[in-house]
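Chains as they are written, first to last, in this note's numbering: chain D, 233 to 732; chain Z, 336 to 709.
No wet-lab data here; the hints were simulated from the structure.
One or more hints might be untrue.
Unchecked claim - Lysine-lysine pairs mimicking DSSO-like chemistry, simulated, CA-CA at most 27 Å apart:
1. Z:Lys594 - Z:Lys669
2. Z:Lys696 - D:Lys596
3. Z:Lys612 - D:Lys425
4. D:Lys278 - D:Lys304
5. Z:Lys623 - D:Lys425
6. Z:Lys370 - Z:Lys612
7. D:Lys319 - D:Lys490
8. Z:Lys623 - Z:Lys660
9. Z:Lys612 - Z:Lys696
Unchecked claim - Listed next, with one range per pair, are the computed distances between beta-carbon atoms:
10. Z:Glu569 - D:Ser324: 54 to 60 Å
11. D:Arg557 - Z:Gly369: 46 to 52 Å
12. Z:Gly416 - D:Ala685: 33 to 39 Å
All C-beta atoms, glycine included, are put in the ideal place defined by N, C-alpha and C.
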Amino acid sequence: MAGSMVTSEFLVEVDHQRCRRCKRCILNCGFGVFDFQNMTTADSSKCVACHRCVVFCPEEAITITRNPLAFKEHPSWEVDRRKAIWKQAQSSGMILTGMGNDLPWLNVFDHLLIDACQVTNPSIDPLREPMELKTFLGRKPDRLEVSADNGGFRLQTEVGNNVELAVPIMFSGMSYGSVSLNVHKSLAIAAEKLGTVMNTGEGGLHPELTPYTDHIIVQCASGRFGVHSDYLNAGVAVEIKIGQGAKPGIGGHLPGEKIGREVSGTRMIPVGTDALSPAPHHDIYSIEDLRQLIYALKEATGYKPVSVKIATVHNVAAIASGIARAGADIIYLDGFRGGTGASPAVIRDHVGIPVEIAIAVVDKQLRSEGIRNLVSIIAAGGIRSSADVAKAIALGADAVGVGTAALIALGCRLCQKCYTGNCSWGIATQRPELTDRLDPDWGAERLVNLINAWSLELKEVLGALGVNAVESLRGNRERLRALGLDSTTMDILDVKPAGR
Amino acid sequence: MMELVFGDQYSKWQVDTCKVPAACGLSGIISRDGKVLGGNVIIESMRVIHDRGNGLGGGFAGYGIYPEHRDHYALHIMFEGAEGRSACEGMLESELEIEAAEEINTRSVPAIQEAPELRRYFAVPRREKLARESIEPDDFMVRLVMSINTTVPGTFVFSSGKNMGVFKAVGFAEDVGEFFRLEEYNGYTWIGHGRFPTNTPGWWGGAHPFNILDWSVVHNGEISSYGINKRYLEMFGYECTLLTDTEVMAYLFDLLVRKHRLPLEVACSVLAAPFWKDIDSEADPERKALEQALRMTYSSALVNGPFAVIVGYSRGMVGLNDRIKLRPLVAAYKDDYLYVSSEESAIRQICPRPDRVWAPKAGQPVIGELKGDV
Ligand code: SF4
Ligand code: SF4
């Protein structure tokens, strides 16, 4: 009987006329596709299409194609479904995967159009006029008390701590352990240069990131890895991670092979043990418990802003309202397209709702209760471009978080094999020969370039809309129109159809 | 989406779009000594900038015009049909103590057609109503006005302040002034407006000034941030029902100055906020902290897009431009008079030799306040 009934997804071919037998592909492939016996050979069954070999082959000798093997078509038994069954019939395990939801669900962002000025009001040229993107995250007072004294005015209300962002784009939480230290360094350096923040994720803060802590939000998740008093006080804010868009309602599992000396030290767990994050925080079984943790963290940090990260699930508006009333300063909404280092495919692909919808209902709910000023909303999980940023903000987000887009900037090819720990690009791996490939300064430059490019585009959008500050776009759904959405969805988004 | 009840063409229009882009001409004058001027002065000023309007809306507000009723809210109401009037008067009767009720005097002017019934009521909230809910009279009146304007068919309260009144119609400003016999009123502040809507419901209530209690706003511009300003105001109970940007301006002034008690100048720096580059380089740390706190707290009240407004209130008048001055605004002084207008010509028409004429900088308010009591 054959070892596996699952046929290769891709075919790897080496053009032996071109190949000069340098063996670079053997070194570069994290998945062990290549070997050398008199000539370079490739085992297609191991290929994940991460393209590392193709990019680094000096002779362009490698071609990767989708395996053209014909399957008898069946509309409800797509090939991937059959393959999943073959795998599970063999292994009796869950199908694991990495990165975000890859099923072709409706993408609401792609059905929203942005307005622009013509004649009756002038558009503004961002190259000639100031165009402001500065954003503050955290609680704002309902109103300010201002007194007049001898010709001047004096502020009488104290405004609590906020996180200042030069651009309304931050880097999402990705833990050291799931990604390499060099990824963390790239993100931290870039965050500092951009005037924004990165988020540690749940794996603690490596000492080498200490110079950048003014641009870091530290996370406190259910596993409490690396959480201690200095850690909580290190960053500009603390985030309680309740859930993640790619795997709402379930915990995390970083296998022992990834827990080397450095990761072990940072997470404060023994080398080689599995790092298990429980599904819930075992001290948060209800909203009152969340309130206690929020205030414990505030007390511990001298009242730095506390963010609460949740996966966007069906009842997200009511949950967000509870979180705001529990004392959070920031609500981080992670949509069902958010990425992950490892998740059961059944959860990643079928649980949660799109962040676009979540922003709209959360913003509306908080406004209807008159508590929108208590919290800032961050939207993440599926932000792919500056257009998505603009639309998320117009729907009501204060800022967005990007994770997958940042990794793609660092070389990620979205092969979705992060859970294997073999990432050839040195991103989702702890193998030193792989992590060495990512130079943090190079990585930071790519990230800075990307976010600067998006900022320029965002400024163009604002200018076309005839506004010169991002807050005039925030929650301004009047400047969005829907194309091809059903009327219920438009009603939920509070966006009119194009033409009206 | 809010519910709108005012005539057929109006509610139909509401379905199609949300607000009317408009460009306009404005003019205002105040005597800081509180000397009164006949309404004909502001008509003369507006006549010069006839071409900035297109005959689809004109109007005025005068302050100090009802000294004999100075302690009563003066409600100016337009009715299209008897049904709305009886429903509205029923509400007024049950909520207010009415001191006087009368028709608003008009004269027939060929250019002004299809006038609704126009009446005014001098009244105060019933004391027992205020006591029962322990609500401030001003808040009570705002709620009543909003409730009439959103629920009573064919009825619109277009002026609700004390010792002041708004007069507006579909037509050119000077014709509207004549129609309302403005020369018969004497006020220490007058503001006027000629409207150039690019799409119009042709409705009297849609003309400027837009008023709520003490605040009257005439406005030239289009508010590109309308959507978020409106949603921000909704959090405080203001319902934007009129489809005009101007309404947002009036409510923002009411919220910031009356309810949040911000000094007027500070409120202006919320609406036309200074740029971050200027705030960041501000040398005085207290001032910097204030400006930063204002932008953080009131970011949704930043009015973005081109505008020039003149706002009248019982103590004075303010002219304000957007933060990059995308619409014209000129100011002038002569003795105790302050003039603000879209065009210098409109000022010189009524004050040929002002002491000083200048173009206010972007976002810098020009404020003229009464020196004493009137
Ligand atoms: S990297 Fe290219 S040239 Fe080098 S051994 Fe591999 S296939 Fe041949
Ligand atoms: S991070 Fe690495 S393993 Fe994960 S999808 Fe990207 S390239 Fe593949």
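Results for each hint:
{"no.": "1", "hint": "Z:Lys594 - Z:Lys669", "in the structure": "33 Å, violated"}
{"no.": "2", "hint": "Z:Lys696 - D:Lys596", "in the structure": "37 Å, violated"}
{"no.": "3", "hint": "Z:Lys612 - D:Lys425", "in the structure": "18 Å, holds"}
{"no.": "4", "hint": "D:Lys278 - D:Lys304", "in the structure": "24 Å, holds"}
{"no.": "5", "hint": "Z:Lys623 - D:Lys425", "in the structure": "24 Å, holds"}
{"no.": "6", "hint": "Z:Lys370 - Z:Lys612", "in the structure": "43 Å, violated"}
{"no.": "7", "hint": "D:Lys319 - D:Lys490", "in the structure": "24 Å, holds"}
{"no.": "8", "hint": "Z:Lys623 - Z:Lys660", "in the structure": "23 Å, holds"}
{"no.": "9", "hint": "Z:Lys612 - Z:Lys696", "in the structure": "17 Å, holds"}
{"no.": "10", "hint": "Z:Glu569 - D:Ser324: 54 to 60 Å", "in the structure": "55 Å, holds"}
{"no.": "11", "hint": "D:Arg557 - Z:Gly369: 46 to 52 Å", "in the structure": "50 Å, holds"}
{"no.": "12", "hint": "Z:Gly416 - D:Ala685: 33 to 39 Å", "in the structure": "59 Å, violated"}
Violated hints for the displayed structure, listed by number in ascending order: 1, 2, 6, 12.
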